[in-house]
Structure formats: C-alpha cells, structure tokens
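Chains as they are written, first to last, in our numbering: chain A, 1 to 311; chain B, 312 to 640; chain C, 641 to 921.
Please keep in mind that the hints were generated in silico from the structure rather than gathered at the bench.
These numbers were taken from a predicted model, which means no experiment stands behind them.
The beta carbon of each residue, even a glycine, is placed where N, CA and C say it ideally should be.
Check each hint, because a few of them may be wrong.
[As the list claims (entries may be wrong)] Using 30 Å as the maximum straight-line C-alpha spacing, the simulated DSSO-like pairs for lysine-lysine come out as follows:
id: 1; chain 1: B; residue 1: 589; chain 2: B; residue 2: 423
id: 2; chain 1: A; residue 1: 198; chain 2: C; residue 2: 729
id: 3; chain 1: A; residue 1: 103; chain 2: B; residue 2: 423
id: 4; chain 1: A; residue 1: 38; chain 2: B; residue 2: 423
[What the hints assert, rightly or not] Pairwise CB distance ranges, derived in the manner of DEER restraints:
id: 5; chain 1: C; residue 1: 832; chain 2: A; residue 2: 19; range: 30 to 38 Å
id: 6; chain 1: C; residue 1: 741; chain 2: A; residue 2: 21; range: 14 to 22 Å
id: 7; chain 1: B; residue 1: 611; chain 2: A; residue 2: 84; range: 29 to 37 Å
id: 8; chain 1: C; residue 1: 906; chain 2: A; residue 2: 63; range: 48 to 56 Å
id: 9; chain 1: B; residue 1: 601; chain 2: C; residue 2: 684; range: 45 to 53 Å
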Amino acid sequence: MSARLLPVLAVLSGLLALWYGAVGPMNIRQALDLAERKGVAVQPEGALARQEVSAFVLMARNPGEVARGYALERPRLPTPGQVAGELWATTGEMALRGRGFSKRSLIYHGWITLQSTLAGFALGTALGVLGAVMIVYSRTMEMSLMPWAIISQTVPIVALAPMIIVLSGQAGIEGRGLPKAIISAYLCYFPVLVGMVKGLRAPTREQLDLLRTYNAGGVAGFLKLRLPASMPYLFTSLKVGIAAALVGTIVGELPTGAISGLGARILIGDQFGNPMAIWAALFAAAILAGVLVTLLGGVQGMVLKRMGMAV
Amino acid sequence: MKAFKVALMACVAGAGMARAEDVTLQLKWVTQAQFAGYYVALDQGFYDEEGLTVTIKPGGPDIAPEQVIAGGGADVIVDWMAAALAARERGLPLVNIAQPFKSGGLQLTCLKDTGIGSPEDFPGHTLGVWFYGNEYPFYAWMAKLGVPTEGGSDGVTVLKQAFNVDPLLQRQADCISVMTYNEYGQVLDAGITPEELVTFNYLQEGVGMMEDGLYVLEDRLSDPAFKETMVKFVRASMKGWKWAEANPDEAAAVIVDYDETGAQTLEHQQYMMSEVAKLTAGSNGALDPADYEETVATLLSAVSPENPAITKEPEGMAWTHDITDAALN
Amino acid sequence: MSVFGLALLFWLAAWAVNAALARSRWRDASGVRVVVPVLFGAAILGLWEGAVRGFGVSPVILPAPSSVAARFAGETGLLWEDFLQTVLKGALSGYAIGCGAAFLVAVLIDRSRFLTRGLLPVGNFVAALPIVGIAPILVSWFGFDWQSKAAVVVVMVFFPVLVNTVQGLAEASAMQKDLMRTYAASYLQTLLKLRLPAAMPFVFNGLKIATTLALIGAIVAEYFGSPTRGMGFRISTGVGRLDIELVWAEIAVAALTGSAVFGLVSLVERWVTFWHPSQRS
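Extracted from the complex, chain A is given alone in its bound form (with noise of 0.2 Å):
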C-alpha cells in the first residue's frame, strides 16, 4: 500500500507546493492596488505604471507586499488554505452546526448535483445497454446506429443544452432537474454502449457454439452467457461513464441558469466576483467524482468476485 500511497503523496504534495509558489505572482497587481488605496508606498507608483512591469519584477521592487497576496479577500488565485477554509466553512462546519442541508451548504447544492448524475447515469447506462443489444442483435441496427453514435460525441453537448431545456420544458417536463439529467445521459450513454458491444461480443464462437449443442434458445444464449460475459466490459464503461455524467449535470448547470447545484455555485460565484465559491465548488465536486467513481469501483469488485471473475 504505501509503496502506491509515497508516490501519490510525493505527486500531490509537489502539485500544492507549486500552486502556493503561483499564488504569489498571481495575486501581486491586486495586492500593490490594494497596499497603494491603503496609503502604502509601492513601486512603481499607479496601476498603469505597474501594468507595464512583470509580475516578477514587481515582486523584487515590493518584497514587503508579497505576503498581502497571501490574504485577499478576492485573490485572482487563492491559496490552498483558504479555499480549503471556504470548503470546511460551507460543508463540514455548517453541518456540525447542523444546518448541512441549508441552501448555503455545498452539501445541499452536492445533493442536487448529485441526484441529476445519478438520473443521467440510470437513464444513460439504460439507453447504452439497450443499444448495444440493439446492435448485437439486429445488424439493420449497427450498420444504422453506430455511425451516429461516434458523431453524436462529437457534438459539443454545450450548444445543446440550452436547446434540451427548452424543449423538455416545451413538452411539459417542468423543473430543472430531467434536462439537466438528458443532458448528462447524453455524455454517458456512450461509453457504456461501446463498453457492452464489446461485452456482448466477447463470448467465442466455441462458446456458442456449445451453449447451441444444449439447444438453448436466444434469450437463455444472452442471460446465460452473453450478458455474464460482457460484466467486466460493463464496469469498466460504467466508471467512464458516472464521470462523464458528472461532467454533463455540470455543464447543464453552468451557463442554462440552473439555480442550484455546484455548476450553479460556480455560475453565481463568477456573476458575483467571488472566486472562492467557484473554487470551493469546483473541489467539492472533484470529491464527490472521486467517491463515484470509488464506489463503482468497490460495487465492481465485489460483483465480479461473487461471479467468480475477479480481476
């Protein structure tokens, strides 16, 4: 474990350290405008002046202003500290003070984001097996299908969704939540049908070729062997394809004015010039695709052990 761990620590930790270093350069101009307002002598005197000089440079002539980088209330980038400060204040302290479910908390706004991904991914994963057996079994439907399956992906789903929401609205889907969800399926559906094709395919003509000699019929051909065969196909497009329904509740929520939610957070977060709630949200669902992805990952595990395919 820790010959794994080391490294990953070692990466993680020269990652932080680097974003500390950047803070410094990032947030200089903001810090002398602020140090000069406040009546402090700072070189060169006025931001025009100072805009024509490098960040670098205005670091060496300021060396006292530095650490005010370090503290701003608006930082162009925060540092690790604070943004992890704005996370615990809007989750781990909100719910010990037991108000976890306020419309202020990230958990709330995670709740939201969370049930989208989790409808997207039913809704996906559903229409990504559907297909693929689909184009296992009809040939009509691979010739037709699979072509407009890749270019589907193509199609940058930011330029539809505002589309998606009109039109689920226009046919009486109100709320937010179901176009935000189409919008994620969208993105999912489609490792998972590449995904099962595979699977369902994996099974060797000697294969069944028996299961004929058994004078099995089509339906116990694909429960018996075709759909055990294709599970570890499965799980794996199942982990691309939760990630990618993350991806899609979000870019659902971004810029079609979804009012809760982390994409929202992030929304209103930049409308109001406050870079820490875009921060804290993007870290908070960062988090929540880890523990997706790790839950899948555990659910894998343990169903194909009992399958007797553990990897």
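Position chains B and C against the provided structure of chain A, taking the given hints into account.
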C-alpha cells in the same frame, strides 16, 4: 393524427391554463433584488389575497424569457422592451401589460486613468457590453455617436462581457456595462472609489430604453379570464413593489430567503434593493407611452446588422393599458 | 394525411431499405456502409421536418432543418468567422499545446518509476473531473480573446492524453524490451523503435477523447466572455435574440467539425497503427 395534434397543442398551452388562477412568471435573470416586488408579493401573501398561485422561475445566462413564454413555460415574463420588441418583429407578439421600472439602471462605467472623460474619448478603447438582448442600447448609442464598433484607432473594440466586473478590475476593458443596482456596487466593493470612475447613464445620453416590464402573449389577452388573472397579478405585484420600496432591508432578506443558490449576500441585496427602489419609485405600474416612443425611436435610429433589434415601427399592440387601468382603477 | 404522416412514411420506407441492404449480399461493400447511416440520418431529419411543419411548432422553439439549412447557406461568412475564432484559434491551438505537452511530460516522467506511479492515479482522477468548471477562472486570468479559450482546452485535454500515453508506454512487453537489449539498443532507440510505436493505439485513444473535449472547452469558455465573434458567443447571443436558426446552424458547424476532426484522427491512427489487431479486419 388530427386528434393527436389537438392533444399536443392542448398540452403545450395547458402548461399555463390548467387552472386559471395559476400564474408562472419567468424572470430575466437570477433571483436578486431586481425582482424584489414579485418575491415580496409572494412572501407577504399579496398574490394569495388575490387568489393567485404564483410560481416564479429565475432566469440565467442561457434562458431567454421570450423563448420560455413561446414554449408555454410561463404566462408572463419580465423583459426589457428592446428585446420584447425584437421578439415581436420575429413573430412572437409580446405585449407590455405593466412597467414597474420607470427609469433604467444601465450604465457604462470607465476607469478615469484610461483617459476617458466623455463619449468623444471612446475611439481606440475597449468596451465591455452585455449581450443576451441587452446590447441593443449600446449599438444604438455608438450609432448616434458615429463610432464604428469594429475596433481600430477611430472605433471601439467590443467585448462580450460575462457577468462580473473582473474585466474592469483587471484592465481587460477600459469601460464595462454595469447596472446601478448591481455591478456598480461590485466595482466599489472591489476597492475602487467613485472618483476613479467616469460613468455614463444611457438615459442621460438619450439612448435610454425601458427596462424590466411585464409581457404576455397577445393572443392570450383575448381571453377575459386570463385578462382578469393578469389584472390581479399586476395589482399584487405593484403592491409588492411599493412594499419593497418602503421596506428595503426586509425585502432584501426575502430575496436572500428565496435565492436557491445560497450564494447571495444580504449586504449586497440591501444595496441592490436601495438602488432598485430609485428606479421603481416613479412608476405606478402603467407604461408611459412617451417612454415607449423614446425606446422605439432609439432602436430605429440605429438599424444595422450588429443591432438587429427592430427595422420598422412595431406592428399591432405592443403595449396596453387595459390591465393596469383595471388593476389600479 | 398531415405532413408529419408523410415524414413518418418516409422514415419507415428508409428503415425498410436499410433493413434490406443490411441483409443483402452487398452488406459489406463500402458504399453500403456509407449509404445506410446516411439514409438513417436523412430519415431522422425528415421526421424532424415533418414534426415541425405538421404540428406548426414555432420557429423560436425548434426551427425546421430546411430553414436551418437555408440560414446556414446564407450566413457562411459569419459562420466561417466564428469557426476561425473558436475552432482554429481557440480549440486547435489549445489542442496542439495540450496534447503536445502531455505527450512530452509522459515521455519524460516515464523514465522515473516513482513519478509514473504517483502521477498515474492523480492523472486518472483529474481526467475524470468536470474541468469545464474552470472556464470562468481561466477567462478572468487570460482575458477575453482566444488565448483564454486555448488555456481551457489545454487543461481539459492534458490529463486524458497524459494518462493514455503513460499507459501506452508501459505496453511493450518485457520480452520485447529484452530483445532490444540484446540488440544493444540505447534508451532512445528502444523508445523510438519499440515503446512509442507500441504506445500509439493508446495515444490515439487519448487524442480522440481530447478532440471532443477541446470543442466543448472552447465553446463553454466563450460563455464567460469573448470578443463579438465565436461559436459560443453566437450560440449564447442567438438564444437571447431568438435567432434560433442561427444557433442550430452553429450547432451543425460544431457537429461537422467534431466529426471531421474525429475522422481525421482515426485516419491518421489507421495509417500509424496499421499493424494493430483492431485495425486489421
């Protein structure tokens, strides 16, 4: 097939008609004090008193209220007149039934140290403009000044500004669009003093356009029951607006309560409410036809491919006093 | 019989033709492989056209494909300007920088087992993240023009390509590496003659994922500020101006671009990895 078509049409229209006293309002933007009157009327039970069940749908950058109402997703929308007139010319006949905002809060704010002191100084500078239908007054203004918007030394470079004031703070733009009640406050919050800024108000520059008004689809006004509902709705909404003007701090608290993102701060909403109150102060809800004429004249003064608002006088009933007359009697 | 009924008939007929073609003896001819999906797509478009006309759907909700096509033809200049801004300047430069950097980093860290072990899980994790959310931050860092869009694309494509390349470089078997050693091949020779070619199927997998991501990134970033051109700009303002036909025309450009680039990458892949089992059929 015909029966199916009828069923589909009924389904589309049914979103708003199921029960006559259900009203869905689509806002132009996210939940904020700009729409305080409606939230107050909801919160204080003014809609209930009229027997209305009102649903308020917040908007967002990708939500076009005109598209929502065309799709049957709302009965009434909050919109800017320029956008509503543009929609009318594109075959979506929107009618102004009330105009709670007497004056507009749209401004262009510039940093003084960029050398801008008056509109004559614009050429050679970069200006941030909102789109989503809010660009019409800007292009009308530039046409009036005779300034090309394609960049170059005698023209201005136009940026599609997003939703915050970063472009000004980080000097990516010399001027940005602000609303008196929102972004201007954000600029000040960022530590810039009013003395460092030069601000141009669109109304004072003679290119003002009516901002937040209430619009419905023209054909629905022929239904007396719908008209009656709208009368009640406008009456309760105006009551909400006047309550919000009188109690700005409480109204701001109502907004923060209804904000589903949980990201709005009470402090900023209080600022916004106090500024919005200045804009709604002169209105009893009825549209002043002179204001309408000014908006149309401004739009027609700058017809160009970049500014495809309207190309001719609006046809048909672009506004009506029927609702406000009955509501305010 | 309404227009929609006709469209439905057309769709059924197209399906019947496809089914017959798929069962016929020409089913593996390359012409048929193209005709069948094209017919399928045309049938869907016909159904859409019929539904819009038959039910009188308002053009501000969903325009008919024919009016989108007319708009497309009438606005080629504008669409080209947007294509230039978003695809060639924003997406393509970001794609080139991001994929190139990821490839170089992968080859460099591959020399250290420790780094590879540490970066692979981190990279895998980051590749699964909704990185699009970083768009507003990068727009505020790199300004409104295409540079910020390219930056979003760089961040989005970097990790998928990195992870795939690192995995690919581990693909050459110990036996093959031993063989190279018996030839007294240097590190560079082993890399160029054995390990990089063996990694190519993986690299191309990463490149294909990255093409889609690049377009999404460049378009989303334009929502958070842009000059007055670009596909994302036109889509977001088109919605605000109820110019829905133009929005769909832009979507069509995006779809065509995405498919064309994907096809191009696949072609190059076939040419480079002709030896791989997946390319021999």
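Results of checking the hints against the structure:
Using a Cα cut-off of 30 Å, the hinted pair residue 589 of chain B and residue 423 of chain B holds, with the two alpha carbons roughly 26 Å apart. Of the supplied pair hints, the one linking residue 198 of chain A and residue 729 of chain C is violated, its CA atoms being roughly 37 Å apart against a limit of 30 Å. At roughly 40 Å between alpha-carbon atoms, residue 103 of chain A and residue 423 of chain B are farther apart than 30 Å, so this suggested pair is violated. Between residue 38 of chain A and residue 423 of chain B, the direct Cα distance comes to roughly 19 Å. Compliance with the 30 Å bound is thereby established for this hinted pair.
Here the CB-CB span from residue 832 of chain C to residue 19 of chain A is close to 35 Å, well matched to the stated 30 to 38 Å. Against the hinted window of 14 to 22 Å, the Cβ-Cβ separation of residue 741 of chain C and residue 21 of chain A comes to about 19 Å, which satisfies the hint. At roughly 56 Å, the beta-carbon separation of residue 611 of chain B and residue 84 of chain A lies outside the given 29 to 37 Å, and the hint is violated. For the pair residue 906 of chain C and residue 63 of chain A, the supplied restraint of 48 to 56 Å holds, since their beta-carbon distance comes to about 54 Å.
Separated by about 52 Å at the C-beta atoms, residue 601 of chain B and residue 684 of chain C satisfy the suggested range of 45 to 53 Å.
Of the numbered hints given earlier, the model fails hints 2, 3, 7; all others are met.
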